[in-house]
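*Asks:* The chain contents come next:
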Amino acid sequence: MKIFDIIIIGAGPNGLAAASYLSKLGKKVLVVEKNEEVGGLAQYADSSSSLSKKVIDQLGLKISTKKKNTFVTSLNDNLNHTVLEIDENNAVKFKECEASLEDQNNFLKLVKKYNLFSKTLSSFMFNSPPRVKSGNKSDLWQLISMGWKVRKLGKKNMRELLRIIGLNIADDLEDNLINDNLMGILCNEAILGSNLGPRSPGSILTLLYSNAINGSIFRNNNLDSKQIIDSLEQSCLDRGVEFLKSSEVKKLFINNESVTGIEMNNQNTIESSTIISTLDPKTTYLNLIGADKLDTDFTRRVSNFRSKGNVAKIKLEFKNMIKIKNLDEKYIGSKFIYAPNIKYIEHAFNNNKYNKYSTKPCLEFYIDNKNISANLYYVPYLKSGSHDKKEIESNIQLILNNFIDNNQLIKFEIDTPNEIEKKYNTSGGHWHHGDMEIDQLLMIRPFYGSAQYETPINGLYLCGAGTHPGGGITGINAINASKQLLKK
Amino acid sequence: MNKNLSYKKPLLETPFHERTSEACYNNDWYRWAGYKIAKEYSSTELEYTSMRNTAGVIDITPMHKYDIKGIEACEFVNKLVTRDISKIQPNQIMYIIWCNEDGNVIDDGTVFCLKEDHLRIMCAERNLNWFTDTATGFNVEIKDITETIAALAFQGPLSCKILNLLNVNDIENLEPFQFNNYQINNSNVLISRTGFSGDLGYEIWCDPADALNIWDSLFKFNRDYKVLPTGMNALDMVRIEAGFIQPNADFMSAEQALRPNRMRNPYELGLSWLVDLEKNYFTGKAALKKIKKKPLNKKLVGLDIEGDKPAVGSILYDRQKKEIGIVTAAMWSPTLKSNIAIGYVNKEFMKIGSTVFAEIYHPEELEYKKIWANCKVVKKQFFNPQRRYNVPADI
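These protein sequence lines are chains S and U, in that order. Heads up: the first sequence begins at 1 in the working numbering, then just goes up one per residue. Heads up: the second sequence begins at 1001 in the working numbering, then just goes up one per residue.
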C-alpha cells in the first residue's frame, strides 16, 4: 500500500489548491472526493471573480481573465429596469435608470464608500488571522497593523466605518437613497448567501466582507469558474497528486488525540498522520471525528455554529431564446437581480425565519440563450420534511412571466439546501459552510478552539469555507492552512 | 409536587415538608435548587451531636437525579467523568467529578449502576444542560427524575442499628458504595451506603408517596435512640470534619465561575485519585494531561489551627506576613476537640506538616478580637472512623 504524507478530504477549490501547493513543496498528497467530479460547491458558481491573485501566482495557474465590461441589471416591476455597467477597474456607470440624477450620484457615492471600507478590510483577508493573547510578537504586530489600517482611513472615515459596521443595510440605504430599485441592488449584494434580511444587524458587514473577498461590490464575473477548477485539477495532476474519486470518507481514526488515518465507506482504510479536511466544521467534527473524542464545550460550539443555508440553485430551460421586456438585447449577458425593494426582500426573509420558503422570493440569475441559472432565496434548509418544489416553480414563473417575452418554461430543476447538503456533505447546505457574521469571522472562524485552521486533534487541519476568510472561491483558505501545517 | 408552585409560594416543598415544617421551630429555611430545606430545626449543635452520636435525618430530595438509559450509558458517563467507570457493576456506586475542556471541575456527584444500560447520577447542582451536550453522538437518553424520587440521608453511628430494628433485612451487610432494594414499613426503598458525614450512614431513596411513612419510621425508636431531623448547618459541620468539598463553597463550579482564575482543577482540589489519564477520551483529558506536567500553584488542604476560635473566612500568611492562601470552610470540631479548617495554600506550603498563619477575626460582644494563629497543614480528612468501613456494619 502506498504511504501518503497528507490526505486531503474533498476536492473543492480549497482541496485542490492545498493539494497543488503541498505537492509543489514535495509532499505526497492524496485527494479523496465523494463525487465523480472535482470542484465541489464551486460547480454551482455562475460567476467568479474571487480567486486570489496570490493563489494564482503561487500555484502557477493559467487562468485568463475576461477583460471586458460587465453589466448588472436590476429588474423593476414597472419595467423601468436599472442597468449598471462595471468596467475592469470596478468603476460603476449608469446605463439605464429611472432614478433622479441626484439619486444616481448618491448611489455612486455610497458604492465608493463601501469600496473604500472593504479595501481596508481586504488587508485582513489574505493572511492567517492573528491569535489574540498568544504572547507571540508577530500576532501582536498583525493586530496592531489591523488597527492602523482602520486608523489610516482618517478620522471622518474611521468614524463612519465604525458607525456602520454593525448596522443593517436598509438603514444606511434609506439614509442616502430614494429609489427603491437602487436600494434593492445593494441589499441583494449584502444578504445573498447569508442568513440575514435587509434589516438584520450586521448586513453591512457581510456586504463589505464579500466586497473585500471578491474585490468588487457586484461580484462581477471576470473569471470562469469551470476554468478555475480545471486548471487547479491540472496543476494537481502535473505535480503528481493522486485522486481517489467517488469515495466517501466515513470516519477518521484517532489515537491519543492524534489523527492516524481515514476509513472509507467501502471499509478501505488509508493511514496518514496528516489530514486536511475541506468539509465544513460540523461534518468534520461531528461525523468524521465524533463527539466522543472531543470536549463537551467544544462540541457545544460546533453544534452552535450557524450553518443553515437558505439559497437554492435553480436551472430553467425555455422553449425559445429568452428576451427581457423593455431591455436592450446587448444587456442580455448581464447579471440579473430581482430584489425590487427593501420591503419585498424583508417580507421574503420573514418566511425564512419560520423555516418556510419565500412565497415571493428574490432571484439573482444569468441568461444563456434558452437557459437561466439562478440563485433563489430564501429557501431555508429543513431539519425534517421537504419544500413543495411545484409551488416554488409556479412562484418563480409568476415573477418571470412579468419580464420574459412570450416564452414557455420546459424544464425546471432545483437544488434546495437539503440537496446541496446531501450532494456535497455540507451540513445545512450553506454556501459558505457557515454564516459570515461578526462572531464567526477572522480569528474566531469557525469558532474558538478551532481557528487558525487547526483542530484539537493533532495532525488534522481544516481548510474549507468554514475557516478564515470564509466562502467565495478564494483559495486563500488552502494556502493559509498549508502554511500552518508546514509550521509543525 | 408542582401543585404548590405559585407566586405566593415561590419555593417548592419536598414530600417531607409536612414533617420538616413541623420540626423546624426556627422556620429557618435554605434555598436548594428551588426547594425549601431546613437550615436549622432547633439547634445546630444538638443536630450535629445527634448525627455524630446516634443518627440524623436530612431531607436531600433536592439532590438532582439524572437517569441515563441506553446501550451506551456507560460509555457516555465515561466520556463525562474523569474517573474510569467502565468496570462499574450493578448495585455499585462510584464517586465522580466532571471537568470542562480546560480541566476545571464543574461538579461532583455519585453514579449508581442500576443495570448495565441504566445508570443514575446524583449531584447537588443542575447539570442537565451539560449532560445532554456531552451526550451528543451517544446512544443514550438522559432524564431529570429529581421530582419522582424523595430522598433522605440517614447518617450516624446508630443508623444501621435503627434500620435493623425496622426489619430492613441484611442491611448490615451492605458494603460502602453499594446499594440495594429494601423495604421499610412495607414501603419499597432503595438504600445506598453513602453520605456526606464521613461516618456510617445511608441514603434512602423512595417514592414521594411513601415519603412520610419512611420519615416516621426512622423516628420510631426515639424513646431509646434520640434521632433528630438535621438541618443544612449541621450537615456543613460534619462534611468539614470528613474533609468533603462542596462546589461553590470550596471551589467555584467551572460552569458558574465568571472569573477564569477562580476555577479549580482536580489536582488543586486534591482529587487526583479520581483522574485516569489512561482511559478513553473524556472532556478535559487533553487539558489535564498538560496540567499534570506542570507543578501546582495552589492546593486545597486541611488546616489544624491553634486555639479554639474558628478561622471562618480567614486569610492565610507565611512567617513574613505575606499572603499565601485563604480559608474556605472552618469550624471548631466538638468531636475532635480541635480547631479545623479547609483552605487553599500556595505551592511552598502544600506539604503535610508545613506551618502557616491565619489571621482570625473573632467577634466578642460587638468587638473583634484579632488572633494570629499558628496552623499546621494536615490531610483534609479530619474525621474518619473505622465503623464507616465495617462490614457487617455495627448494629
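Just so you know, not all the hints are guaranteed correct.
[Unchecked claim] When the alpha-carbon atoms are kept at most 27 Å apart in a straight line, the in silico DSSO-like pairs for lysine-lysine are as follows:
id	chain 1	residue 1	chain 2	residue 2
1	S	Lys68	S	Lys325
2	U	Lys1321	S	Lys137
3	U	Lys1351	S	Lys293
4	S	Lys24	S	Lys370
5	S	Lys487	U	Lys1369
[As the list claims (entries may be wrong)] According to the in silico footprint, chain S covers these stretches of chain U (three or more CB under 8 Å from chain S):
id	stretch
6	1227-1236
7	1276-1284
No wet-lab data here; the hints were simulated from the structure. We put the CB at the ideal spot given by N, CA and C, even for glycine.
*Asks:* Confirm or reject each hint.
*Replies:* To see whether the hints hold, each was checked on the structure:
For the proposed pair S/Lys68 and S/Lys325, the alpha carbon gap of about 25 Å is at most 27 Å, so the pair holds. Between U/Lys1321 and S/Lys137 the CA atoms are separated by roughly 38 Å; this puts the pair beyond 27 Å, and the hint is violated. Taking the CA atoms of U/Lys1351 and S/Lys293, the gap is near 36 Å; set against the 27 Å cutoff, the hint is violated. Proposed proximity of S/Lys24 and S/Lys370 is contradicted: the alpha carbons are some 42 Å apart, above 27 Å.
For the suggested pair S/Lys487 and U/Lys1369, the alpha carbons sit about 62 Å apart, so the restraint of at most 27 Å is broken. Note: the stretch 1227-1236 of chain U has 0 residues with beta-carbon separation from chain S under 8 Å; the three-residue rule is not met and the coverage is violated. With 4 residues having a Cβ less than 8 Å from any Cβ of chain S, the stretch 1276-1284 of chain U passes the three-residue criterion, so the hint holds.
Checked against the numbered hints listed earlier, the structure breaks hints 2, 3, 4, 5, 6; every other hint is satisfied.
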